[in-house]
Amino acid sequence: MRNNLAYDAGWSLLSRIGNTPLLALRKMTSDMPGTRIYAKAECFNPGGSVKDRAASKIIEDAEKQGLLGNGRILLDASSGNTAIAYAMICAVKGYRCRLVIPRNVAREKIEMLTAYGADLVLSDPLEGTDGAQRLARKMSEEEPELYFYADQYNNDSNWRAHYEGTAVEIVSQTRGHFDYFVAGVGTGGTFTGVSRYLREVFPEIKRVSVEPDGPFHGLEGLKRMDASIRPGIYDDTLADMHVDVTTEEAQGAVRRLARQEGLLVGPSSGAAVVACLKIAREHGGGSFVTVFPDGGQKYLGEKFWEVKE
Amino acid sequence: MSVKVMIPTPLRPYVGNRDAVTADGATVDEVLSNVTAANQQLKRHLFDDSGQLRNFVNVYLNDEDIRYLQRGTTPVHEGDTIFLIPSIAGGSSGAGSDFTYDDIQRYSRHLLLPEVGLSGQLKLKRAKVLVIGAGGLGSPLLLYLAAAGVGTIGIVDFDVVDFSNLQRQVIHSEKDVGRKKIDSAEERIKGINPTVKIIKFEERITSENALDIIKNFDIVIDGTDNFPTRYLVNDACVLLGKTNVYGSIYRFEGQVSVFDARKGPCYRCLYENPPPPGLVPSCAEGGVVGVLPGIIGTIQAMETIKLILGEGEPLIGRLVLFDAMKMKFKELTLRKNPRCPVCGENPTVHELIDYEEFCGLGRGNELSDDLSISAEELDRKLKAKEPVVVLDVREPQEWEINRIDGSLFIPVNDLPSRVSELSTADEIVVYCKGGQRSSYAVRFMRDIGFKKVRNLTGGIVEWALKVDPSMARY
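As given, the protein sequences belong to chains A and B, one line each in that order.
Counting from 453, one number per residue, gives the positions in the first sequence under my numbering.
Counting from 88, one number per residue, gives the positions in the second sequence under my numbering.
Simulated from the structure, these hints should not be mistaken for laboratory data.
Certain hints may be false.
Stated by the list, open to error - Sample of chain A residues lacking proximity to chain B, with all beta carbon distances greater than 10 Å (derived):
(1) Ala461
(2) Leu465
(3) Asn471
(4) Arg488
(5) Phe496
(6) Lys730
To be verified - Distance condition first, Cα-Cα at most 20 Å in a straight line; then the derived EDC-like pairs of lysine to aspartate or glutamate:
(7) B/Lys350 to B/Glu400
(8) B/Lys91 to A/Glu579
(9) B/Lys468 to B/Glu549
(10) A/Lys590 to A/Glu579
(11) A/Lys658 to A/Asp687
(12) B/Lys553 to B/Asp466
(13) B/Lys423 to B/Glu400
(14) B/Lys472 to B/Asp513
(15) B/Lys350 to B/Glu432
(16) A/Lys730 to A/Glu700
(17) B/Lys267 to B/Asp312
(18) B/Lys130 to A/Glu701
(19) B/Lys539 to B/Glu464
(20) B/Lys91 to B/Asp116
(21) A/Lys755 to B/Asp116
(22) A/Lys590 to B/Asp189
(23) B/Lys284 to B/Glu273
(24) B/Lys130 to A/Glu700
(25) B/Lys130 to A/Asp665
(26) A/Lys516 to A/Asp608
(27) A/Lys730 to A/Asp631
(28) B/Lys262 to B/Glu273
(29) B/Lys262 to B/Glu274
(30) B/Lys553 to B/Asp456
(31) A/Lys755 to B/Glu151
(32) A/Lys755 to B/Asp152
(33) A/Lys755 to B/Asp150
(34) A/Lys755 to B/Asp135
(35) A/Lys730 to A/Asp665
(36) B/Lys267 to B/Asp249
(37) A/Lys590 to B/Asp190
(38) A/Lys755 to B/Asp136
(39) A/Lys590 to A/Asp576
(40) B/Lys302 to B/Glu290
Where a beta carbon is used, it is the ideal one built from N, C-alpha and C, also for glycine.
Could you build the full structure based on these sequences and the hints that come with them?
In structure tokens form, the structure reads like this:
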């Protein structure tokens, strides 16, 4: 009998979370000498987004504290990507999960979640992710013994996943040779975790947080902090700069990334690259590391693709 | 045209923190431009510099995305609602599931069951079940199906609540006596679960309307207690490929099965032909213990819910017999009859037939006038002391309630063995409760040589109505 261990086979799905490639976006900066943009392509995670990192850390930490198991149901609110990550990981580990999502998330996401076997509770579309978060909290308060309320917005495991994972990967991929770390904020997990690590090891790197330009926007996964329920884990004192991006600017960048770089990503990735380009123009270049939270497949039904450029 | 425009949370500060505003206009575009005309802030958020609606704003008219209607030129009507929904991601407003917070609360005991869970509860919510008859079986069925969250329930019933129904038809209350059963049932269901959609068919189910009524439902539950309807519902379900959850009750005994001709036998495989009319008394004639429909109806409800969930082992191909007095359940295996006239290999029934006729109740099978006598005429003969033998063929307990004075008493099923107690020379008038069993008796006696036997039309019910109003009724 052959020894299977001699082959590159038998990987567990969850072991593929993290260690995403850091891609160079050359075309986007071809007319900007002195500007380099590198993006952590988080769509390479098995669940398709950066949220695999936070979700797996949240679940692992909960297991260690004995908060899961015994039939407890994982409960959280999400606009989609965290929900997908929870659903995938819970499928692997055999936990039940119940996810509160605004009713207006893309049908493709609902179908994905159903495919993974998650329970869905749809919240008022007019109230967005804040409404979903309020509803999840209410559900957990009413039946605390039934749920493990993961609460990604206030769970330290969220930012720690990036402090221990994303940040370490970026440093080992770049040796710290870049000027700006740029990240959009939704829960603030990516920005807070990576920035905290960078502040400790390379404090001279400028840390930039990116937000939508107003409360009413189409940038999935991002939040206008002054108009939303503020996530407990978001530490904006880590930010050297804030950049606002409009939905339309981000959408334009998403189209360019697809058509020039062959990189199909979601609107929040567009916002990230727009923020890098804005800073580069203002400060005469620089080298940037940013995070592209997810791929573009889930957004193909959006109207902004109809524009020809 | 005045239309309501629902405002998403981020934009509410621009409209005085209201969640909706009203505006006039003939089309979606007109309404939105009127809403924003006096409100520059709102306009800036909704429209780009060229006056186009920003591309991440999805607009729904009632529940439809206007992209799939006529976009901005979609006409609006009085009372419509427009939703402005930022596409957090793609944005479909109602697609997929629609489980709400209230549902979580209401169905929490279901959601804890792995066999139900949220996906099962959604199946229940999307299910469409037709209940034929809002009486003894219909009462527990409707109450439990509604409580369990079956989303759409059709009810077929044309009857009104009678005082004698209250002993077992627990969906109706004393205050409902004289009211349509369908309305009384609806009120009770709404009281338990207002989210249930009720479709009312206030009519008798017939060969003409059965296919139209049944076709839009997934599962049909027969809660009637007469043979023509039972065969009609069976045949209609076989023809339409629907599942038929069958239950029947009589006195202290009940039967339950699930007929799905695609997977097993149908009612006709079990009983190819109906019994002769009058032989099997109905509950109105033979009585029924009030708890029995509760037991059989809830078993039917349980089977229905299992079928919707796709869980467990349905009663397909099995007939459960329940005896309340012995408190025993028995189970018979039913086999599909390859010669079944409706679901067999070479079916002869391809459309609905006349089931009254099939069950021997059609006009051609009624006793002719010379074999019948009215209550008034019998009364006249008795008062005139004409030599008439009055024969009661009901059951002993019916006899205890009331009887026509001076009548002989031989229950219909004992008649063949005791017919020698009667003389063919006498003029005999036979009665039962309503005239059904007695006409069977008249036919039987005619066949064996009684030439002067007649049936009391309308039975003792008619007698009490026309001749003796002081008589106890049941």
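Taking the hints in turn, this is what the structure says about them:
The Cβ of A/Ala461 sits about 33 Å from the closest Cβ of chain B, beyond the 10 Å cut-off, so the non-interface label holds. Consistency note on A/Leu465: stated as away from chain B, and its beta-carbon is indeed over 10 Å from all of that chain's, at 23 Å minimum. At the 10 Å boundary, the C-beta of A/Asn471 stays outside the reach of chain B, the nearest C-beta of that chain being 26 Å off. Its beta-carbon lying about 30 Å from the closest one in chain B, A/Arg488 satisfies the requirement of being farther than 10 Å from that chain.
Against the 10 Å criterion, A/Phe496 stays outside the reach of chain B, whose nearest CB is about 20 Å from its own CB. Residue-level check passed: A/Lys730 sits 19 Å from the nearest beta carbon of chain B, beyond 10 Å. At most 20 Å may separate the alpha-carbon atoms for a hinted pair to count; B/Lys350 and B/Glu400 meet this at roughly 13 Å. With a C-alpha separation of about 17 Å, the suggested pairing of B/Lys91 with A/Glu579 holds against the 20 Å cut-off.
The suggested pairing of B/Lys468 with B/Glu549 holds, with an alpha-carbon distance near 16 Å, which does not exceed 20 Å. Proposed proximity of A/Lys590 and A/Glu579 is supported: the alpha carbons are some 15 Å apart, at most 20 Å. Restraint check for A/Lys658 and A/Asp687: satisfied, since their Cα atoms lie roughly 15 Å apart, inside the 20 Å limit. About 10 Å separates the Cα atoms of B/Lys553 and B/Asp466, which keeps this hinted pair within 20 Å; it holds.
A threshold of 20 Å between alpha carbons decides the hint, and for B/Lys423 with B/Glu400 the separation of about 18 Å falls inside it, so the pair holds. Restraint check for B/Lys472 and B/Asp513: satisfied, since their Cα atoms lie roughly 14 Å apart, inside the 20 Å limit. The hinted pair formed by B/Lys350 and B/Glu432 meets the criterion: a straight-line CA distance of about 14 Å does not exceed 20 Å. The hinted pair formed by A/Lys730 and A/Glu700 meets the criterion: a straight-line CA distance of about 14 Å does not exceed 20 Å.
Our distance criterion of 20 Å between C-alpha atoms is met by B/Lys267 and B/Asp312, whose separation comes to about 18 Å. Taking the CA atoms of B/Lys130 and A/Glu701, the gap is about 19 Å. The hint holds against a cut of 20 Å. For the hint linking B/Lys539 to B/Glu464, the alpha-carbon distance of about 15 Å falls within 20 Å, and the restraint holds. The hinted pair formed by B/Lys91 and B/Asp116 meets the criterion: a straight-line CA distance of about 14 Å does not exceed 20 Å.
This hinted pair checks out: A/Lys755 and B/Asp116 have alpha carbons roughly 18 Å apart, not beyond 20 Å. Restraint check for A/Lys590 and B/Asp189: the C-alpha separation of about 12 Å stays at or below 20 Å, so the hint holds. With a C-alpha separation of about 10 Å, the suggested pairing of B/Lys284 with B/Glu273 holds against the 20 Å cut-off. The suggested pairing of B/Lys130 with A/Glu700 holds, with an alpha-carbon distance near 16 Å, which does not exceed 20 Å.
This hinted pair checks out: B/Lys130 and A/Asp665 have alpha carbons roughly 15 Å apart, not beyond 20 Å. In summary, the hint linking A/Lys516 to A/Asp608 is supported, as the alpha carbons are separated by about 14 Å, within the 20 Å threshold. A C-alpha spacing of about 14 Å is found between A/Lys730 and A/Asp631, which places the hinted pair at or below 20 Å, so the restraint holds. At roughly 14 Å between alpha-carbon atoms, B/Lys262 and B/Glu273 fall within 20 Å of each other, so this suggested pair holds.
Taken as a hint, the B/Lys262 and B/Glu274 pair is honoured in the structure, with Cα atoms around 12 Å apart against an allowance of 20 Å. Straight-line distance between C-alpha atoms of B/Lys553 and B/Asp456 comes to about 19 Å, which keeps the hinted pair within the 20 Å bound. The hinted pair formed by A/Lys755 and B/Glu151 meets the criterion: a straight-line CA distance of about 16 Å does not exceed 20 Å. Restraint check for A/Lys755 and B/Asp152: satisfied, since their Cα atoms lie roughly 12 Å apart, inside the 20 Å limit.
With a C-alpha separation of about 19 Å, the suggested pair A/Lys755 and B/Asp150 falls inside the 20 Å cut-off, and the hint holds. Between the alpha carbons of A/Lys755 and B/Asp135 the distance comes to roughly 14 Å, so the proposed pair stays at or under 20 Å and holds. This hinted pair checks out: A/Lys730 and A/Asp665 have alpha carbons roughly 14 Å apart, not beyond 20 Å. Taken as a hint, the B/Lys267 and B/Asp249 pair is honoured in the structure, with Cα atoms around 10 Å apart against an allowance of 20 Å.
Our distance criterion of 20 Å between C-alpha atoms is met by A/Lys590 and B/Asp190, whose separation comes to about 14 Å. Annotation: proposed proximity of A/Lys755 to B/Asp136 holds, straight-line Cα distance about 17 Å (limit 20 Å). Between A/Lys590 and A/Asp576 the alpha-carbon distance is near 14 Å, which keeps this suggested pair within the 20 Å criterion. Simply put, B/Lys302 and B/Glu290 have alpha-carbon atoms about 16 Å apart, close enough for the 20 Å limit, and the pair holds.
Every hint from the earlier list agrees with this structure, and none is contradicted.
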